[in-house]
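Chains U and L are the protein sequences, given in the same order.
Using my numbering, you'd call the opening residue of the first sequence number 3 and step up by one each time.
Using my numbering, you'd call the opening residue of the second sequence number 114 and step up by one each time.
Treat the hints loosely; a few may be bogus.
[To be verified] What follows is a list of derived Cβ distance ranges for each label pair:
#1 D362(U) / S142(L): 52 to 60 Å
#2 E8(U) / S142(L): 46 to 54 Å
#3 S32(U) / G211(L): 53 to 61 Å
#4 P292(U) / Q204(L): 56 to 64 Å
#5 Q92(U) / G214(L): 29 to 37 Å
#6 V478(U) / L206(L): 21 to 29 Å
#7 L373(U) / H143(L): 46 to 54 Å
#8 Q204(L) / C294(U): 51 to 59 Å
#9 H143(L) / E222(U): 44 to 52 Å
#10 S142(L) / R287(U): 36 to 44 Å
#11 A532(U) / G214(L): 34 to 42 Å
#12 V401(U) / H143(L): 29 to 37 Å
[As the list claims (entries may be wrong)] Under the rule of at most 30 Å between Cα atoms (straight-line distance), these lysine-lysine pairs were calculated in the DSS-like manner:
#13 K474(U) / K218(L)
#14 K54(U) / K203(U)
#15 K215(U) / K462(U)
#16 K405(U) / K203(U)
#17 K215(U) / K203(U)
#18 K54(U) / K420(U)
#19 K218(L) / K215(U)
#20 K420(U) / K203(U)
#21 K54(U) / K218(L)
[Unchecked claim] Coverage of chain U stretches by chain L, computed from C-beta distances (three or more under 8 Å per stretch; other residues unrestricted):
#22 198–208
#23 442–453
If you are wondering where the hints come from, they were derived from the structure by calculation, not from laboratory data.
Ideal Cβ positions, reconstructed from N, Cα and C, are used throughout, including at glycine.
Spelled out from the first residue to the last, the chains are:
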Amino acid sequence: MAKVVEAARAEPGVVVAREAMFTCSDATQSEIVQDITDNQLDGLVVASCSPKLHTLTFREVARRAGLNPYQYTQVNIREQCSWAHTDDPQGATQKATKLVRAGIARTALSEALHPLDVETTPRVVVVGGGVAGLRAALGLSDIGLEAVLVEREEHLGGLVASLGPMSPHGRSGHEVVARLVEEVARRPGITVLTGAEVVSKAGTYANYHLVVKRGDELLELDAGQVIVATGAEPYQPAEGEYGYGLEGVVTLPQFEALLQAGEGPVAYQGRPLRSVAYVYCVGSRDEQHPYCSRFCCSATVHAALQLAARNPGVSQYHLYRDLRTYGSNEALLSQSRQRGSVFVRFADDDPPEVTRGTTDGGLQVTVRDQLTAGEELRVAADLVVLVTGLVPHDDPGLVRALKLPVGRDGFYNEVHPKLRPVETVVDGVSICGTCQGPKTSAEAVTSGLAAVALAGALLKAGVAQLDPQVAKVDPVHCDGCGTCVASCPFGAISMVDGRASVDPAGCKGCGGCVPVCPRDAIDLKGYTDAQVRAAIDALAQGVLA
Amino acid sequence: MTTVAAAPRVLVFSTNNISDPGIDLAGSSHLHYPPGAVVISLPCTSGIKPSWVLYALQRGFDGVFIASDGDECAYLPDCSERSARVVSQAQALLSEAGIDGQRLKIAAICSVCAEPFARQIRQFCDDLSRLGSGELVA
Ligand SMILES: Cc1cc2nc3c(=O)[nH]c(=O)nc-3n(C[C@H](O)[C@H](O)[C@H](O)COP(=O)(O)OP(=O)(O)OC[C@H]3O[C@@H](n4cnc5c(N)ncnc54)[C@H](O)[C@@H]3O)c2cc1C
Numbered sequence: 003m004a005k006v007v008e009a010a011r012a013e014p015g016v017v018v019a020r021e022a023m024f025t026c027s028d029a030t031q032s033e034i035v036q037d038i039t040d041n042q043l044d045g046l047v048v049a050s051c052s053p054k055l056h057t058l059t060f061r062e063v064a065r066r067a068g069l070n071p072y073q074y075t076q077v078n079i080r081e082q083c084s085w086a087h088t089d090d091p092q093g094a095t096q097k098a099t100k101l102v103r104a105g106i107a108r109t110a111l112s113e114a115l116h117p118l119d120v121e122t123t124p125r126v127v128v129v130g131g132g133v134a135g136l137r138a139a140l141g142l143s144d145i146g147l148e149a150v151l152v153e154r155e156e157h158l159g160g161l162v163a164s165l166g167p168m169s170p171h172g173r174s175g176h177e178v179v180a181r182l183v184e185e186v187a188r189r190p191g192i193t194v195l196t197g198a199e200v201v202s203k204a205g206t207y208a209n210y211h212l213v214v215k216r217g218d219e220l221l222e223l224d225a226g227q228v229i230v231a232t233g234a235e236p237y238q239p240a241e242g243e244y245g246y247g248l249e250g251v252v253t254l255p256q257f258e259a260l261l262q263a264g265e266g267p268v269a270y271q272g273r274p275l276r277s278v279a280y281v282y283c284v285g286s287r288d289e290q291h292p293y294c295s296r297f298c299c300s301a302t303v304h305a306a307l308q309l310a311a312r313n314p315g316v317s318q319y320h321l322y323r324d325l326r327t328y329g330s331n332e333a334l335l336s337q338s339r340q341r342g343s344v345f346v347r348f349a350d351d352d353p354p355e356v357t358r359g360t361t362d363g364g365l366q367v368t369v370r371d372q373l374t375a376g377e378e379l380r381v382a383a384d385l386v387v388l389v390t391g392l393v394p395h396d397d398p399g400l401v402r403a404l405k406l407p408v409g410r411d412g413f414y415n416e417v418h419p420k421l422r423p424v425e426t427v428v429d430g431v432s433i434c435g436t437c438q439g440p441k442t443s444a445e446a447v448t449s450g451l452a453a454v455a456l457a458g459a460l461l462k463a464g465v466a467q468l469d470p471q472v473a474k475v476d477p478v479h480c481d482g483c484g485t486c487v488a489s490c491p492f493g494a495i496s497m498v499d500g501r502a503s504v505d506p507a508g509c510k511g512c513g514g515c516v517p518v519c520p521r522d523a524i525d526l527k528g529y530t531d532a533q534v535r536a537a538i539d540a541l542a543q544g545v546l547a
Numbered sequence: 114m115t116t117v118a119a120a121p122r123v124l125v126f127s128t129n130n131i132s133d134p135g136i137d138l139a140g141s142s143h144l145h146y147p148p149g150a151v152v153i154s155l156p157c158t159s160g161i162k163p164s165w166v167l168y169a170l171q172r173g174f175d176g177v178f179i180a181s182d183g184d185e186c187a188y189l190p191d192c193s194e195r196s197a198r199v200v201s202q203a204q205a206l207l208s209e210a211g212i213d214g215q216r217l218k219i220a221a222i223c224s225v226c227a228e229p230f231a232r233q234i235r236q237f238c239d240d241l242s243r244l245g246s247g248e249l250v251a
């Protein structure tokens, strides 16, 4: 580190170079402010972690010191240097020196940029009316923002609407949804559109225009923010997967429906259940679905407790790989053990086999129990429940309309699971609930409220600041050919007096117009031709060991 | 002609929202790749000027690796086609300058593509070592 600081100090234009243990700490921030004001500096380079983490922190530090926030550059010497080259400390030090030099070179050529203030539209469109979307709409109304809830189906409530008593609290899903829907109906600030889908989004930051299709009708809506809460769907097993297709092999949603079908002892095909086997992690934690679906262990254990209460003497076998009854659901697991449920652990590569049993109508499950040294067990069951998890919807229409970032697992991606858990890279669009990955109902609701907080922070101020790192055309070099106008899908470039001109409120700052200009007359502010070349020069320079 | 090169120097163009997080993840997972690879991050692959590729190779880099958004770009629906155009224009510039086209490589690196990134860079560095040093400017 000392070597890097020394090299930085020797660079032209550098006035102060210093090392800090935790650059983002309050103490170091104050020192930076002090250095900038004492020396009247016009540039700041911070070499520490990834710009994803603290760019906003240090822009604020610059602002406090009276320096333009866009004359600060973040250099990533952690994730892209020290952590990546733990096998080559000397190489890492040399690389860090080059990266810092490039940051300095780029900052030296930076110009002060001023965000454009725009008024915001105090209305939020919530797409999807499951528990996450319903609770988000209520949250928005609580803080005085208008909400429009767009639900594809004719009914609100999503998956929870079809559930009976839920883990961990035991309240029924219908009731939970009914209460939310009732409250939503009472609020004048919430408009509900059912049987409706978003077909397009246009407009500029915090002032979007959405088109919603309801039947043959096209409705136009203005909104400052869009919250996507479109949920997920239960995994549908393939024919033959753990005996699926055999009489008596059902999925978790089918089992839930069975529990709700009547009072008293739970019956399948008219016969009260006496022996039930559950196979966990069906369609979760496998090659195609590498994730855990989070709710299913708890929901199953909870269902097993209901069955034990309604069918005294029932035998229940839980065949699992790992159990994740976290939080207060852990108590349910202990209870179900006390009520006679037997837990059998199988290996990932040695799944149980479900076959037709020898007795009429029955099923047989064969499993090797890891907890008793691989002993083979044969369980006779009236019913086998495949504990199916959640899979993402395939919703190309919405993905196209909102340009939603789809992850490798098919769920929508947030910017960062911990630091920016409901924001997406698409401006104006946040995500919550199970459309971003499997969650329990309570977790879905919590993320819905996080999306409300985000919308509140943006829209309650009434004005938002646009990123000033937009394209600009050099009118001297522009010959008015119009190639860039055609290349911008946002319509942000137009011809003014025979020269191309960028509307800073419409430009998204992608830079897609930069290489298409035959006259090299376009620059993206913050990433200008001069800055990129200066960075290349600095990075190409040799470093003395 | 070819001098025995030290570790190849590779300039990587990444993108702020898609491939750069993937490259970060490679580091946070301590997946090693040669430190001769350095990154310049831009908002979008479609904003790379072909002349920057030539410039980097002329300034002493042995290779340029474009870690592109692929189909994940949040800005431009036709980002892949645009990036392909940038690459073919850059290839034309390289061939005019007598530089081996193998010194430019593009691969889509998603925001969680840590292992593919580290593997691609290691492979590219191996390939470049075989090509020999890129000393093009005296
Ligand atoms: C069998 C089963 C049992 C469960 N048991 C429990 C339990 O006991 N405890 C627990 O905590 N969790 C349980 N869960 C999980 C729970 O259902 C989810 O956590 C919850 O549904 C997530 O809510 P959501 O609002 O994110 O999504 P969803 O409930 O999926 O709602 C999404 C809504 O968006 C709508 N939508 C989808 N696409 C569009 C579109 N393009 N435009 C407009 N609208 C759209 C859908 O129609 C739906 O109404 C269970 C799930 C299942 C399947």
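Results for each hint:
Taking 52 to 60 Å as the suggested C-beta distance range, the pair D362(U) and S142(L) conforms, at roughly 55 Å. Under the hint 46 to 54 Å, the C-beta atoms of E8(U) and S142(L), about 30 Å apart, miss the expected range. Between S32(U) and G211(L) the beta carbon distance is about 54 Å. The supplied range of 53 to 61 Å therefore holds. In this structure, P292(U) and Q204(L) break the distance hint of 56 to 64 Å, their C-beta atoms being roughly 37 Å apart.
Distance hint check: the CB atoms of Q92(U) and G214(L) are about 32 Å apart, consistent with the given range 29 to 37 Å. Checking the proposed 21 to 29 Å range against V478(U) and L206(L) shows it holds: the Cβ atoms sit about 24 Å from each other. At roughly 34 Å, the beta-carbon separation of L373(U) and H143(L) lies outside the given 46 to 54 Å, and the hint is violated. Restraint check, Q204(L) to C294(U): a C-beta distance of roughly 45 Å breaks the suggested window 51 to 59 Å.
At about 51 Å, the CB distance of H143(L) to E222(U) agrees with the hint of 44 to 52 Å. Checked against the given bound of 36 to 44 Å, the beta carbons of S142(L) and R287(U), roughly 20 Å apart, lie outside it. For A532(U) and G214(L), the hinted distance range of 34 to 42 Å is not satisfied, since their beta carbons lie about 27 Å from each other. At about 33 Å, the CB distance of V401(U) to H143(L) agrees with the hint of 29 to 37 Å.
Between K474(U) and K218(L), the direct Cα distance comes to roughly 29 Å. Compliance with the 30 Å bound is thereby established for this hinted pair. Simply put, K54(U) and K203(U) have alpha-carbon atoms about 26 Å apart, close enough for the 30 Å limit, and the pair holds. Simply put, K215(U) and K462(U) have alpha-carbon atoms about 28 Å apart, close enough for the 30 Å limit, and the pair holds. The straight-line distance between the Cα atoms of K405(U) and K203(U) is roughly 9 Å, inside the 30 Å bound, and the hint therefore holds.
This hinted pair checks out: K215(U) and K203(U) have alpha carbons roughly 12 Å apart, not beyond 30 Å. Among the hinted pairs, K54(U) with K420(U) is consistent with the structure: their alpha-carbon atoms are about 12 Å apart, no more than 30 Å. Under the criterion of a C-alpha separation no larger than 30 Å, the hint pairing K218(L) with K215(U) is inconsistent with the structure, at around 43 Å. In summary, the hint linking K420(U) to K203(U) is supported, as the alpha carbons are separated by about 27 Å, within the 30 Å threshold.
Straight-line distance between C-alpha atoms of K54(U) and K218(L) comes to about 26 Å, which keeps the hinted pair within the 30 Å bound. Against chain L, the stretch 198–208 of chain U contributes 0 residues with a C-beta closer than 8 Å to a partner C-beta. That does not satisfy the three-residue criterion, and the hint is violated. Counting residues of the stretch 442–453 of chain U whose beta carbon lies closer than 8 Å to any beta carbon of chain L gives 0, which falls below the threshold of three, so the coverage claim is violated.
Checked against the numbered hints given earlier, the structure breaks hints 2, 4, 7, 8, 10, 11, 19, 22, 23 and satisfies all the rest.
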